[in-house]
Structure formats: C-alpha cells, structure tokens
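Colleague: Each chain, letter by letter, is given below.
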Amino acid sequence: MSISGILSMILILGIVVGGFAYFLRLAIKKESGKE
Amino acid sequence: MALKETFSSRWGLILASLGMAIGAGNLWRFPRLAGQYGGSFLLLWIIFLMIWSIPILLAEFSIGKRYQRGVIGSFASLVGPKYAWMGFFITFCTLAITFYYSVVTAWGLRYLGLALGDVAAYWSGDITLGEALASDPAYLDNFWERLSSGNALTIGLHIASVILGCVFLIRGIQRGLELANKILIPSLFVLLILIGVIALNMGNGIAGLEYMFAIKAHHFSNPKVWLEALSQSAWSTGAGWGLIMTISSYSRAREDVSLNIFISGFGNNTASIVAGLAILPSVFALASSEAEAIGYLQAGNQALTFSIIPKLFAQIPGGSYLSVVFFLAFFLAAFSSLLAMVELFIRNLGDLGWTRQRSAMSAAAFCIIFGLPSAWSLDFFNNQDWVWGIGLIISGLFIMFAVLRHGPKRFKADFIDTDSDFQVHTGYFSSCIMLNVGLAIVLIVWWMSQGYAEYPWFDAEGRWNVIDVYSNASIITQWIGLMVLGLVLNRWLYKTFAVKS
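Residue numbers (this note's numbering), protein chains in the order written: chain A, 12 to 46; chain B, -13 to 487.
Think of the hints as simulated: they come from the structure by calculation, not from any bench. Note that this is a predicted model, so its numbers are computed, not measured. A portion of the hints provided could be inaccurate.
Derived EDC-like pairs (lysine to aspartate or glutamate); straight-line CA-CA distance at most 20 Å [unchecked claim]:
#, chain 1, residue 1, chain 2, residue 2
1, A, Lys40, B, Asp407
2, B, Lys297, B, Glu117
3, B, Lys297, B, Asp127
4, B, Lys(-10), B, Glu241
5, A, Lys40, B, Glu131
6, B, Lys168, A, Glu42
7, A, Lys41, B, Glu241
8, B, Lys297, B, Asp112
9, B, Lys297, B, Glu276
10, B, Lys202, B, Glu214
11, A, Lys41, B, Asp127
12, A, Lys41, B, Asp403
13, A, Lys40, B, Glu(-9)
14, B, Lys168, B, Glu(-9)
15, B, Lys297, B, Glu278
16, B, Lys297, B, Glu131
17, A, Lys41, B, Asp405
18, B, Lys297, B, Asp122
19, B, Lys395, B, Asp405
20, B, Lys486, B, Asp400
21, B, Lys395, B, Asp407
22, B, Lys168, B, Glu278
23, B, Lys202, B, Glu276
So, partial list: chain B residues that the calculated Cβ filter (under 7 Å) puts toward chain A [claimed, not checked]:
#, residue
24, Arg(-4)
25, Ser207
26, Pro209
27, Leu213
28, Glu241
All C-beta atoms in this analysis are idealised placements derived from N, C-alpha and C, irrespective of residue type, glycine included.
Extracted from the complex, chain B is given alone in its bound form:
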C-alpha cells in the first residue's frame, strides 16, 4: 500500500520543488563558475536548463504523478519487468548522495555555530575570529582540517541534521515537507538578498558584477566552459535525481506538469543568480586584488565556503553578523535539499506498505549509519561525491531510456500533455531527449578524463585501483556493484513496487 498523501495546493508543491533544487551547489559551486567564466557561462547554463534539465524534469515529474509511487515503483511501472533495476540504481545513487549530503548540512551548522560564537566573543570581549586570524593566519584552514576528518562534533551534527529532517518528514507531506519549505525557501531568498545588498555597497563589490555578467567571446570556444555549464545545470536543478519524481508522486490528481517544472527550473536558476549576487561582490570587495579574488574562486567549493568566505568577512566591522547570515543561508539551502532526498527513501519504503512513521525512522537510521564514514573522513566524502555525482548522469540516461522506449512523442502526449497548463513543443521535447543521450556520454567521458587521480584505472603495481578517492576504477566498481545488485533483485523489485495495470 502506497503512502496516500498529497500537497495541500500547487504552491506547496512548487515550494517543495524549489527546496529540492536549491541546495549547497547554488551557494558554493555556481558563484565560483560564474565568477570565473562570466556571462558566457551564464548564457550556456541557461541554454542547458532548456536542453537538459527541463525535458528530464518534465519526464520525471509526469512519471511520478502518473503512478503515484516512489522512484522504483514509478519507474518499473513505466519500463516494465526487465528494467526495474534502473529505478533501483536511480534511487540508490541519490541515496548514496544523501548519506554524505547530511555531512554538508552538518558543516553548515558547525560554521553557523562558529559565526554565532564570534558575535558572542565580540560582545563579551573574548578573542574574536578576526583577532585569532591576526595571530594565526592559518586558523580557519586548521579549523576546517580538524572539522572535516575524525571529528566527533561533525558526527554529532550529521546525526542531528538527519534527525531534524525526520522530525519534519515524519509529520507527513502537508505538515512536514510542505510546511518546512514554506519557511525555508522564503527565508533563504531574504538572507541572500540581504548579503547581496550589503556586499554591493562595499568598496569593490561592483567588480564582482562585472566578472559575473560580462560576456567574453573567447569562453565560447573553450569546451570546459560548456561542460561546466551543462554539469551545473544537471546537478543544480535536480534533473535525473528522482527527487522531482518523488515530489510529484504526492501531487493532486489534476496537477499541472509543464508550468510547475518551468517555475521550478527558472526558480532554481534565480536562486543561483541571487547567490552569485551575494557572494561574488563580497569576494571581490574584500580580496586585496582582483587577481586574488579569481584565485579564491578557483580554490574549490569547500575552500571557498569554509576557509575563504569566513576569513574575508572577519576582516570587516560587523563581518561576524554577515557570516551568521551567510552560514544560516547555507544551512537552509542544504537542509531543504536534504529533506527531499530523505523523502525519496521514505516514499520507497512506504511502497512496501510501511507506515510513514516506520519509513521515516528507518530512513533516518540508514542515513545516520551510512553517512558516518563521510562524516569521519573527508577522503571518503570526496570519493562518494565523485562516484555518485557522476552517477547522476547515468540516472539521467535511464530516465531518457524510459522516455525513448515509450517513444518521446507518445510519452509527451500520454504523460505530459494530459494535465499541462501549456504544452511544450513535441519537436523540442523529443529532440532534447535524443540530444541528451549524446551529451550524457560526453559528460561522463569528460569527467572521467579529468585526471584527478594519478592512476585512474590501475595503480603502479598494475592492480585495479579501486582504493583511490578520484580513480575511475572506483567509479566503475561502485556503479557496477549497484547495477549487479539491482539486476539480482530485479524480479522482486518489479513484483513488489510496480503498479500492475
């Protein structure tokens, strides 16, 4: 018996979709790329929203809405008994991300605590972060090193993040997921706009806008910019994750498909732009030179967020308050996505006939236990981010396979057009789905050829290099392991989860 709940209104569903899409990536990845590649990157990112993200989200949303099951059940119901394992892969790929995503949420909480402590230190006359950095410039780097590996507090905050999520989700869709996002999403926008207004009024803040928006023609001839724009759109909108399929499985019977997806896609991109308007002017205003600011943007997601931004804010009067606002925004963004991810698991457990209470508590236990290695070891975290981040492109491929198997034209007529407030062009939908198969293959090959590992396939002794954070051998081994498990369980998955017509 499936969980029989629905959102109270269209707005509840839209806010949940925005909460799902707007996450840490909007704050720690998008501004870095926008600052480095400017308006050229932004234009490509908008194009890939239309080519990659919107068609896949349309497909996912309409599948979940039709079958009213979790990802495994909805996917299996569409593709039939041979391919139920693909829905299993999509589910467990996103679940593997959930296991370490709660750690990102935990880091956000810890830095929020650090910023609040800095405010308290200022008023009590204790040593502030700015003073600590003046006597030890590496203070924040050391703080991050201690926090990200072998730290009991990080584990505690990881557990607290999952439990807090489940406190909301156990209450159901309307009183849980919907209510949480009604608070989280407007608050997030307000906080980011507040930082943006303050940052734009700082000395060199306007230079950040120039770097963010100026279109430079030479970037268009750089394939890396195209692939970064495609990756950002794919990861940030949640296309291929199975999350929007989960959310739409709680939609009301006559809920619109196309308009809700366009609101979700453009809403996510608007949140990214607002985050860029908050972070880039801050970095450019507070760095000692524009070259230094560019260097900061190239430092990586974790370094920018957890070392550079608090360091920059600590330099200015009242910067500790700005840090509080920033890390509160970061936590809210990460937490809103974490809720959708845990709900994906709850929905699948609910399809087994479990009550919401039992499903939510089991999901919490799973997320806590399997998130522990990432909470304890940054290397493990980075490995999982590498393996399952690229794995999401495989998940997207499986969604496209399902559409192509049904026939894109027929799929659009049968699934998308039936309840849409406006109809997307059939040629647009079909050609994007076909083009995306090629794009997905290019993306996977490109990411795997990045050369992050010294020995991508075999180590110096010629052994399969599976124990390496960034090796391709690690990716392939874990993907195949999950696929084999799905294939072994395939018959049971179909029998248990699919809707039989």
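This is chain A alone, in the form it adopts within the complex:
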C-alpha cells in the first residue's frame, strides 16, 4: 500500500471512527454525570 494511501486511510478513519468514538465518549460522560 502506498504512503499516500496509508495517510489517506489514517485521515478518513480518524474523522469517521474517531468522530464516532468522540461523540460516544461525550454521551457516556454526560450520562455518568447524571447519575
């Protein structure tokens, strides 16, 4: 796999999967704060 391909993969996975993980973590924090 080319270097540019690897960098693109990191960028896209970072945005999509990282974004999902970030928002999920935020929700977990909000929910634990309510308890």
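Please build the complex by placing chain B on the supplied structure of chain A, with the hints as guidance.
Modeller: Frame of chain A; chain B shown alone:
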C-alpha cells in the same frame, strides 16, 4: 390517543437510531462506490454528512421529540393545516420503500440458507457450491434469476421477514425495537469485523484498502462523484425518511437532540467504513486481477451481493463459512432497518387511537400484501426502488420547507437547543438547510437525467411512458398520485393526527 411508550435509556434510543440507519445500502452500495472512487469519494461523503444529513436529522429528531406523534401528526403539528399532506407524502414514500425492503431482507435470508446449505453439503459429501460453479459457471446467475422473479420461496421469505419484524414490534418499544437492536447492531459490527480481518489476511486484500482510501485529485473534478457521495449520505443515514422522527417520538422528555444525532450519523458512517473494510479486500483478494475487481464493483448492488460475492467466497477453502457470516450480516443490517420502517407505520396507526397490537398486525398485513408485487417481479421492485428512492429527496425537501417556514434560526432555538448536550452553530444549521434546497433540486434533476430508460417521458408512439421500470414518467405519475391523495385527505389528516395547541 398516541402510543405512550419511551425508550428505557439513551443507549436504547441510540441503538434504535443506528439500527434504522445501518441497512443493506451500507453493505451493497457503499463499498462499490468507495472502491471505484476511493478516498476522494469518502471525503465528499463525510462533507455531505455534515451538510445534508446532520442538519436534516437534527430537524426531524427535534420535531418528533416535541410532538410525540408519528410523522403525519408531528409534521402537521409544526407546519399547520395547509401542509399536512407533506407529512402524508413522507410517510407513504417510506412506506412504499418498506413494501420492497422486506424483499431485500428475504433475499438476504435465502442466500443465508444457500450458504448454510453449502456448509452442510461440504460435511455430508454432497455437491458444494464451488463444485456446482465448476461444472456450470452461470450457476449463481441462474439461481438469482430464479429467485428474483416469480419465485414462491421469495414470497414466503418476504412474508416471514415482515412477520418476524412484527413479532418484535408488537412487544412495544423497550421489549421490541430496543431489545432487537441491542442484539442486532453489536452482532452486525462483530460479523463485519470478522470478515474484514479474514479478508485483509488474504493474498491481495491490501489492494482493496488502496482503492478504498487513496485520494485521487481528478475525482474531485467529476460531478458524478460529488452527486454519488451526496446520494449515499442522504440514503444511508436515513435523513428525510421520517424514521428518526418516529424513533424520537418515543424519546424521554429531556432527551438530548444534537449529541444523539451526531452519534447516529457518525455511527452509520463507521458501519459503512467497516463494511467497506470487509468487502473490498475480499473482492480484490479473490478477483483474478485488479481490473476484474473494478468490473465487479461496477456491476450493480444486486449483482455484487448475490452473484459475485458468493462466487468469490466459493473459490477458497472455508469460503462457505465466510458466506454464512456475510449473509447473516446482510440480513441483520436489512432487518434492523426494516424494523424502523414498519414502526413508522405502526406509530401513525397508533395516532388513530389503535392499540399497538392492532397497529402492528395491520401494518404487517399491509406490508405483506403491498410487498407481494416486488417479491414476485424484479422489474416491479426496481421500479419502486427508482421512484421512491428519488422520492426521498422530495421528503427531505418537505422537512427543509418546514424548517424554513418556521425560520431556521427560530427553529433551532425553539426545537433543537432546548435539550441539547451541545449546541450546533446557528449559522451552520441555517446555511446548510438553505443550501440543501438547491442540492435537493440538483440531485433530482441529475438522477432523472441518468438515461436509464430509453424513453424517459413519452414512448415511441408518443404516449406518456408510465409503464417503464426507469422512466421519469413513472416517477412523476406516482409522486403526483400520492400528493393528490394527500391533498384530498389534507383536512382530515390535520384534524385527526395533529397536536392542537
């Protein structure tokens, strides 16, 4: 009297939202486009998640949460007595999709059966799929042709899919929709990750990643890539379908809006990426060349899923197990979306004062009867997919109309910000809603100018070409028919479904 139920927790609602969004499109459409256009497509698809899907989902979720009614009632309550017919259009557009979506679920079940039969044949010493393909290379193509048209088993599985859905939904929100998605969504992720790990360890699997993620600048100058990315985001996230409006109508009183929508949107896109990581390395590892793999991706949703993937898996030792995992994942994805679609109908019937039991059984009967033509004829299926798939963009336009009529700034303050864990920027929300009106018009015109029909408007004899699978005349006739019916019923719809303040 509306159905008075709520999700047990935020997580129940989030899983139901993910179940609604993650469907067959994540497995049979997204990987095809990602493999053809690579990282350029993925970046545009992420941009359109933010521009198109998230703002519309925010609007839908907040409307359902505020009025606690089905789509017709919630929409009519917001827009007033003149425009209740628009909520009717949104409802019946999604319902028309439900009628054939259960057929997709049925196909998934049939191929799961085929894969299980192949495993059994291997152990019992019968003819396996690989051996059948060796003596007849067209075996799977013929199997698909027999299955997709005039097949009694497909009809039986269509009926079974709807009944299975209603077995869950009749139990209510917490013990039905919520419980089902607590099982379906984690299982789906596990199955896709399993295929991905196996596929990436095959010979040329890594080439699939290169095709999926490499950003090629020339794709950005191709309008088709932009429009495919927008279409994929619009269809896959469920924005404009009325489904998230239905789910949020069961939310608890102080339920958050913005954070739940961002989780749903990004969760759906994560599921698509995982599906791409499972399917593309498989296709590239098992095709004889990269050119052949690209050809497979261009073959269309149904061909890739039901002819090419089982054929590729049949070539390798243990491939029948991989087929079982793939088609189980496909069935779970389709079934989780089917549940949300049938629930949309149940919720509207519940607004008539019907009990959940009566609503669920009536919805099942409707879905079974009106799904029969698509189960029997692939041409009918394709026509409905064509007409109502594009119809969803009209539904999205109606949601935007409702927001614009209220005033985007005021709508955000009144509906979205009141219970949100974080607030999206007003300028972002307002400008996206306004921009989306233009995007919706461009999308409709683009899809209708694709030239799939030889005679898009009038046939060779100059007659309105309504009886044609892919004609624009068929689209316009069916859309207008539904709108006219909605307009005729408009007063009754408002009087019966809307919440009067």
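Colleague: So, for every hint listed, does it hold in this structure?
Modeller: Okay, the hints, checked on the actual structure:
1. A:Lys40 / B:Asp407: holds (11 Å)
2. B:Lys297 / B:Glu117: holds (11 Å)
3. B:Lys297 / B:Asp127: holds (10 Å)
4. B:Lys(-10) / B:Glu241: Status holds; Cα separation ~15 Å.
5. A:Lys40 / B:Glu131: At roughly 51 Å apart (the allowed maximum being 20 Å), Glu131 (chain B) and Lys40 (chain A) break the hint.
6. B:Lys168 / A:Glu42: holds (18 Å)
7. A:Lys41 / B:Glu241: holds (12 Å)
8. B:Lys297 / B:Asp112: holds (18 Å)
9. B:Lys297 / B:Glu276: holds (16 Å)
10. B:Lys202 / B:Glu214: Answer holds: Lys202 (chain B) to Glu214 (chain B) is near 16 Å, not above 20 Å.
11. A:Lys41 / B:Asp127: Not satisfied, since the Cα-Cα distance of roughly 51 Å exceeds 20 Å.
12. A:Lys41 / B:Asp403: holds (16 Å)
13. A:Lys40 / B:Glu(-9): Violated, at about 26 Å.
14. B:Lys168 / B:Glu(-9): holds (18 Å)
15. B:Lys297 / B:Glu278: holds (13 Å)
16. B:Lys297 / B:Glu131: Holds. Lys297 (chain B) to Glu131 (chain B) sits at ~15 Å (cutoff 20 Å).
17. A:Lys41 / B:Asp405: holds (13 Å)
18. B:Lys297 / B:Asp122: Distance of about 12 Å is within 20 Å: holds.
19. B:Lys395 / B:Asp405: holds (16 Å)
20. B:Lys486 / B:Asp400: Distance of about 17 Å is within 20 Å: holds.
21. B:Lys395 / B:Asp407: holds (18 Å)
22. B:Lys168 / B:Glu278: Given pair Lys168 (chain B), Glu278 (chain B) is violated - Cα atoms ~39 Å apart, limit 20 Å.
23. B:Lys202 / B:Glu276: With a Cα-Cα distance of about 17 Å, the restraint between Lys202 (chain B) and Glu276 (chain B) holds, given a limit of 20 Å.
24. Arg(-4): holds (6 Å)
25. Ser207: Because about 18 Å separates Ser207 (chain B) from the closest Cβ in chain A, which is outside the 7 Å limit, the hint is violated.
26. Pro209: violated (21 Å)
27. Leu213: violated (20 Å)
28. Glu241: This interface hint is violated because 11 Å lies over the 7 Å limit.
Violation of the numbered hints given earlier is confined to hints 5, 11, 13, 22, 25, 26, 27 and 28; the remaining hints are satisfied by the structure.
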